Every structure is written in structure tokens, then in C-alpha cells.
Amino acid sequence: MSLVGAKVLRKEDPRLLSGTGTFVDDLAPPGCAFAQFVTSTEAHAEIVAIDARAALKMPGVLGVWTAADLVDYPDLPGGLPDLERPVLARNTVRFAGEPVAVVVAEDRYVAADAVAAIEVEYRALPVVTTIEDAAAPDAPVLFPHHGSNVATVVPTMDDLERELERSHGRAHLHLVNQRCAAVPIEAMACLADWGADGLTMWATFQAPHHLRNYLATWLDVPQTRCRIIAPDVGGGFGSKIVWYPELFLAPLLSKWTRRPVKFAQTRSEAMTQMAHGRDQVHDIDIGFDRDGTITALRFVISQNLGAYPDPTGLGLAVLTSWMAAGCYRIPKVSTSFRTVVTNTTPVAAYRGAGRPEAAYSIERIIDVVARRTGLDPAEVRRRNFIPPSAFPYETHNEPVVYDSGDFPAALAECLRLLDYDARRAEQARRRDDPTAPLLGIGLSCWLEIAGFGPNGSLEGFGHLASWESAQVRVQPDGSAIVFVGSSPHGQGHETTFAQIASDELGISYDRIEVRHGDTATVLQGVGTMGSRGVPTSGSAVKVASTRVLERAKKIAAHLLEASELDLEVGDDAFNVRGSPGKKVSWGDVAWASFQPLRLPPELAAGSLEERLFQESPNFSYPSGAYGCVVSIDRETGDVTILDMVLVDDCGTVINPLLAEGQVHGGVAQGISQALYEGVVYAPGTGQPITANLLDYLVPSAPDLPGYTAGRITTLCPNNPLGAKGIGESGAVGAPAAVVNAIVDALAPFGVEHVDMPVTPEKVWRILHESSAATGEVR
Amino acid sequence: MSRHVDVVITVNGRRSERRIDARTLLVHYVREHERLTGTHVGCDTSNCGACTLLLDGEAVKSCTVLAVQADGHEVTTIEGVSGPYDGFSAVQEGFRQCHGLQCGYCTPGMVMAATSLLAEHPHPSDDEIRAGLEGNICRCTGYQMIVDSVRWAADHPAP
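The listed protein sequences derive, respectively, from chains E and Y. If you want our numbering, it's the 1-based position in the first sequence plus 401. If you want our numbering, it's the 1-based position in the second sequence plus 97.
A portion of the hints provided could be inaccurate.
Straight-line distance between alpha carbons at most 25 angstroms, and here's what the computed DMTMM-like set of lysine to aspartate or glutamate pairs gives [as the list claims (entries may be wrong)]: (1) E:K458 - Y:D118; (2) E:K408 - Y:E171; (3) E:K412 - Y:D183; (4) E:K412 - E:E1011; (5) E:K955 - E:E895; (6) E:K955 - E:E914; (7) E:K412 - E:E895; (8) E:K408 - Y:D118; (9) E:K955 - E:D878; (10) E:K412 - Y:D252.
According to the in silico footprint, chain E covers these stretches of chain Y (three or more CB under 8 angstroms from chain E) [unchecked claim]: (11) 117–129; (12) 133–140; (13) 153–167; (14) 218–229; (15) 236–247.
One-sided excerpt, in silico: chain E residues whose CB lies under 10 angstroms from chain Y [as the list claims (entries may be wrong)]: (16) N492; (17) D508; (18) V1068; (19) N1093; (20) G1107.
Don't read these hints as lab results, they were simulated from the structure. Here the structure is a predicted model, which is why all the values come from computation and not from measurement. Note that the Cβ used here is the ideal one computed from N, Cα and C, for glycine as well.
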């Protein structure tokens, strides 16, 4: 029986359910000291003086360090020239919460006392927090030697004004994709122990080898003396592949104090120190014919990078521009973008990283086309879909060639699960009844780019390479260890990769263990991001397992004196086809594999091991059709989601339970962006208004709906598994479905757009004030 | 600046006397003094519930309880939960069966909150389960499978 496709229970769960998992802050080696940052209270200021005298006198304080102590070390890696980020603020602070000094003390209570006792004197500088303000000609500049706040600009060769003007109709939307915080429930934490044998650092991180590669260089030590371990990681969502100062400081502090040194953020620290996501502003123009056929699309993107450009933050707008046209055949597409720095927390990848922004905007403006043409939103989508026969489909951007998909089938399944026609009929009835809550139906036919990636793709974000590694090792008893370079943070790699290996090797699931997250044991690795786990790492496991099995069959055939062509493997044994009872166990084959006297001449001892770097010829393109039904209370403006239908196409599904879990989690974050979340700064001062979980609304169970999941499957032709990836799908597809439903409900009020988060206040104003703030539509 | 006090707290049935800094939070007491690290810290404003444990059988957020408030009382942490399902309680087994956890960081708090919920309402509706877990945040699952997990536990009470 194949395990791929089966609802197998997770290997990870027993330890996590019994409280015996290992998260970084659970570790407490003897002599462990605790480090905490003094952070900037100003969003933009010169540092005049730092007075740590009182703190240094406190019992239990081991030391206080500032930028002046780091002159021998470079700035954090991966920035842009002129715009690099110092490990600790040097002379200038550029966002509230930026680390200015660091305290090491005997425990976290003493460290907090010391931080409170350190006085920093600032001379305030003018503050910019928004793209618009930062890009203004007279804006105060964060990096005077750079000359402006604009970091990068990629203009378009053709603004398509002629095509848009020639179209039967045209529409414009100005859309704000608000800043969100990833909020993994485990905030950043790391523990560095620099001993006689070099550095060992435990870090809650999505890419331990990536960190090792950069940290060893930064510290100027050989990689052999720099071991990074990512133990159990309590969520990441992109926010744990960022070069945070503590990752570089902790080793130095350990070296200087000759103690293990631990950082573990409080949530209030994390809300300003961990990278945020999204924060794009789009101006989209679309041209269309009378029958709803789209003729041209102009997509102008502005990205708020926060105070310092992050390597992934710089890439977000690239990915948005790549995915601008979504799942539609549009003859002319023009994209352009600019990125700017502001006095805010740096922005980096957050679940979807540039693709949710693209999907949201194209799906929003398709609804505007439907409204203008009087067509049903489903019909406009159908008329413009790339047909299933058109794959591989070359897009407006050369690197982007859609692999496969069946958008009409996904939409049809979504409409079926929604009972779409009945919902529309109910909506019509309710509109005739002024006392009934408003009903809205929203669709989102989304597509994203995943499976990172082809050679060159991750290198652009500063990674060593874009492959992923797997190493399959059979033990002498016929059990197997699978080492993978992709280190998880909740995805369930230990389960899914064991399923894949079990199918290929014929070794039972319970006799396979998956190891990850330790640079000393895992050969090399890239990391877990960009929905690449199954397509890239999973494919590596599959191919490596296949190669091990080929050699195992040779040994089994030798032992059985049979032809390897006649062997079949399963249930931990090799059987000779057609000769019942003639078999050898996997354990016997594995044992023999280490005994040269029992091996066929072409094999040497230890040959049941394979390491593999899986490359991909192209990205994968997960897609789907989501439908949302909302009810709006006319009195309060409160939005209730009545139905959330999720039809995904992620290609091959390894474990339906885990795949659905990934979709649910992503959708929850998408709904949250649509309805609840948003990082807010006080204009003028740049003070964070949403710097804890009291003020930043991460929803809990009563705030979110149940989900109805559906599925269609088109295989990805670019990897051996046929898998497309599933980690980000929900976050990409959900926001547009929810907002389209809300705008649909509000259509009788003349509303064509509402910016996220769609709070009850915004809706209430629309319902009660005729000149509502509804976003700019012309 | 800190004052030390003696406390006697029974954790998972084991009574222990300790001299601690008076301001020690209960969550740090169980994690750092008792070395029971299954109880996690996810926020500092009692919003996330990762630190939920049972104090005299009632679910509390141990990041907003001082250890001295537990002096003379009984604390149950995730490490003290067990049952007939291969050592797991029905709630733990429900989470395993229904994929009610992904990264697992919020899970101990969820299990403790759900345990407390089912002790009070053995047969909750789905809405009651959601309302009962209102104080616990999970960033991975989107909650439906957590609701399914608690439902599983309600349908499989320990024999």
C-alpha cells in the first residue's frame, strides 16, 4: 500500500503533545547567561549618549556593549551598499525598537532590570513611515550619503497607456496591502555557546545552513567550527530567515563572557524587532472589452522596506510583478516597482512573500471589471482564464513559465461547493429586505509561484544555491535515516518525508527517521521557505531513496541467487516474484551491505547510502479557487464569514491531513489580513501602535470560520513527485475572496473597493455615511 | 532590588519547597526552577495562552500569575497530563488524531485549556469549543482542526 497520499499521523506529535519537544528557550546549559537589548524609543534620531554606569553596578550584570565595541565586525550581511544595517545602531537609530545596546546578566530578570537602568540620550530627527512620505521630494532622508529614500527602481518599458485608452472600458484601483506581523507564537530566540571546540548555536530559524554560511564568514571562523542547530521551531512564516542582530551578537557575547548566552524575545520586543511583511501599495489599470475580455494590465508597485533593506524584502516586489497577471491570459502586461526605506521595522518575507499581494490586486480588479460590464464575476474569470491546453504558459516575464493547471475546473468545483447559484438567489432576496443582514459572495482564482527553485532563483536572495539536499542512509538492521537540508517549523517534514522514503525503499514507516536542522549532521541545506519543502526536498528524498533501493536490490539478488529484475520489495523484505517464500529481509540485506564478503563484486561496504542535491528545471505554480460568503450586520458593520470554500491544486499530495492543515493555516492568516491585522505607526513620530498582542489582533478560535476544502490535481512536470507545494497557498488566495465578498455585499451602496483590514468601523462608515472612505476608484 | 521568599508548591503531584525571587512568574517557576519546559511563553500580555496550566484544577495563564500566588497550591502542567491512549489523555490523543497541531508551540497551552473546558462542559458544541479556547492563539492551524481535536476528545471520554 502506498503511503504517499495516505492520512498518516505525525511522528512529531508525541513529543510536542507531551511537552517534551525542545524549543530554544527550553535549553539551559550550566552557566547560561541571558542577553537583552536596549532598544530605541525613537523612530529616527541621533544617539547623543549612552549611560550604562548604573546598570554595570548591578549585581548579576556581566556587561553592556554598544556599537563602539563592534568596530572590528562588519554590518549585517545582505544589505544594499550605503543602506547596510549595523548590528547595533551606530550614531543613528532608524526605527523604534532598533537595538542600541546589549546587556548580559545572570538571568532574564536581572537583564531586564539592567536594560531599564540604561539611559540613552537622543536628538530627534524628522520621521517618515509611509511610502508616499518617504518618496516625497523634500522627505527627510534616512541615509544622507545615499541621497534619497528610494532603494531600488525597476521601471516599465511601456506603460500601455495606448492599449488602455483604446479598450472599450478601463478601470483603476489604488490598493493598500497593509503591513502585517508574522507572529510565530515562538518569538526569536538563540543560544550561543562558544567553547574550546568552537561555536554551537541553537536558533529558532528556518534555514540553519544558510545562517552557518553567513555567520562563520562574519565571525571569520571556519565553518567547521560553527555549528548551528534549529531544534523544534515554533512557527516562522518567513520571519525566521532574516539576519537579526542577536544571531550575530550572541556568539560574540558568549566568546567575550566565556558563558553560554541566550536571547529570548518577549512578544513586545518581537513585535518591533522581528521583520514585518507585505506593506505594498499598488496602482493598477486594466483595459477590457464589452464582453469582459481583458486587453491590457498596468501594475505599478511600491514597497515599504522599513528602515533597512532586507535581502528577501527587496525581492518581494519582484515576485509581485512576476505574478501580476494571475491566472489570466492578458495580451499586454506592464509591471514596474520601486522600493523605499522608512522609519519602521524592516520588512521581509511573510507567508506568500509578494504573491498574496499580486493575487489580491488582480482578483480585486477582476471584480471591478465584472461590475463595470454587468457580468457575473465567475463569468469574467472564465472568459479570461489561461486554458488547460495552454501549458506550459509563457508569461510577461521571461523566468515565469506556468507549469500546469486547470483553472476552469477549480472554479467549477468551488462554485459547486459554494452552491453558488442558490447563494446568489438568497443574496437577491436579502437585498429586497432592508432588515436582513447583507450577504456577499467573493471569489478568488489565485495562482502563485513556489517550489523555489531553479538554479539562480534563491541565490538572488543571498542563498548559497537553490537545490535542496537529502541523504538516505540504511542502518545495519534495515531501518533508515533520512537527512534533509530543509529544516521545518511545523510543516511535518519528519512525517511526509518518511512517507516518501517508505514508499520508495519498501522499509516500513516506523523504521524510518527524518533528521534535520543541524549543520553538524546534515550535509548541506538551503531551508524551508517558498513552499519548497515537498517539491524540492521531498523530491530529493524520493530520488535518493530510489538509488539506494537499486543497490539494495543488487545485494538482495546476490544473496538470493536470483535476478534483481525478479525482485519486488515491500513490508521490509525482498521477494522473488512468482516464488513464494523465496525472500530476504531488508535487515539481512542491510547487514550484508556492510560485509564485503557477502556483496556482489560491483558494490563496496556502506553502499546503501545516497546523498543528492535536487535541482529543479522550473518553479512550481500552485493554484486554486476560493469562495467566501459573508454576512454583514447593518447596525454594527461586523463581518461574519458564513462559508469559506477552498479548492486547491498543489499537484501530488503526500499527506492529505497535513496538506489541509497547511491550507487552513494560510487561509487563517489571509482572513486575518482581510479583517483584523495591520501594523500601525503613529504618523509624525513613528511610534508603533500595535506593539503587543493586546493592540495587534491575532484572531483566536471564535474569530475564524470553519473551512470547506476541495481539491483538483494537475501534476507539476518539473519534479519527480509532481508536487507543487502547499505552504503559502491559503495566505495567497484568501484575502481577495474575503474582500471581494465584502465589496459584493456593499455593492448596493456604490462601493467598489475597501482597503484591508476591513474593520467594522470601516464598514459602518460606508453604511452610515454616503461619502465613505472607500478607496480611490475611477 | 529583589526580595526572596520561600514557597511550597505541588507540581504534578510532587511537593517542593524553594526559595525564589518574589517577583518570579509562575511560568518561569515551572520552566526554570522545576525544569518543566513544556509550558511555553508566547506573549507578555496574557493574550496568547501558550503558558496555560492548571492551578488547583483551573486553567490559568501562568505568565500573569506570580509563583508566590501558587504557594500552598497544586499546579498541573502538560507534563502531568496522561491517560489511557498510549499514555495520552483523550485531549492529547484527539490533537494527534485530528492534526490539531503543527509547530507545537501553542499546543501544551491548548491542551490544558481544552482539558479545563471539557472538565466543565463534557459535551460542548463547536461554538462552545471555539468560545472556550478564546484565550489561546494558534498561528498554524487556523483552529478548525483544533476544534475537531477537542470534539474527538469529547466523543472519547476516558474509560
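Going through the hints against the structure:
1. E:K458 - Y:D118: 20 angstroms, holds
2. E:K408 - Y:E171: The hint is violated at about 39 angstroms.
3. E:K412 - Y:D183: 14 angstroms, holds
4. E:K412 - E:E1011: 23 angstroms, holds
5. E:K955 - E:E895: Status violated; Cα separation ~28 angstroms.
6. E:K955 - E:E914: Holds - the C-alpha atoms of E:E914 and E:K955 are around 24 angstroms apart, at most 25 angstroms.
7. E:K412 - E:E895: 6 angstroms, holds
8. E:K408 - Y:D118: 48 angstroms, violated
9. E:K955 - E:D878: Distance ~17 angstroms between E:K955 and E:D878 Cα, so the pair holds.
10. E:K412 - Y:D252: 24 angstroms, holds
11. 117–129: holds (count 6)
12. 133–140: holds (count 8)
13. 153–167: Violated, because only 0 residues of the segment 153–167 of chain Y bring their Cβ atoms closer than 8 angstroms to Cβ atoms of chain E.
14. 218–229: Since 5 is at least three, the answer is holds.
15. 236–247: Held - the segment 236–247 of chain Y has 9 residues with a Cβ nearer than 8 angstroms to chain E, which meets the minimum of three.
16. N492: Violated. Min distance 30 angstroms.
17. D508: 8 angstroms, holds
18. V1068: Hint holds; E:V1068 Cβ to chain Y Cβ min 6 angstroms, cut 10 angstroms.
19. N1093: Cβ of E:N1093 sits 5 angstroms from chain Y, so the hint holds.
20. G1107: Result: holds, 5 angstroms to nearest chain Y Cβ.
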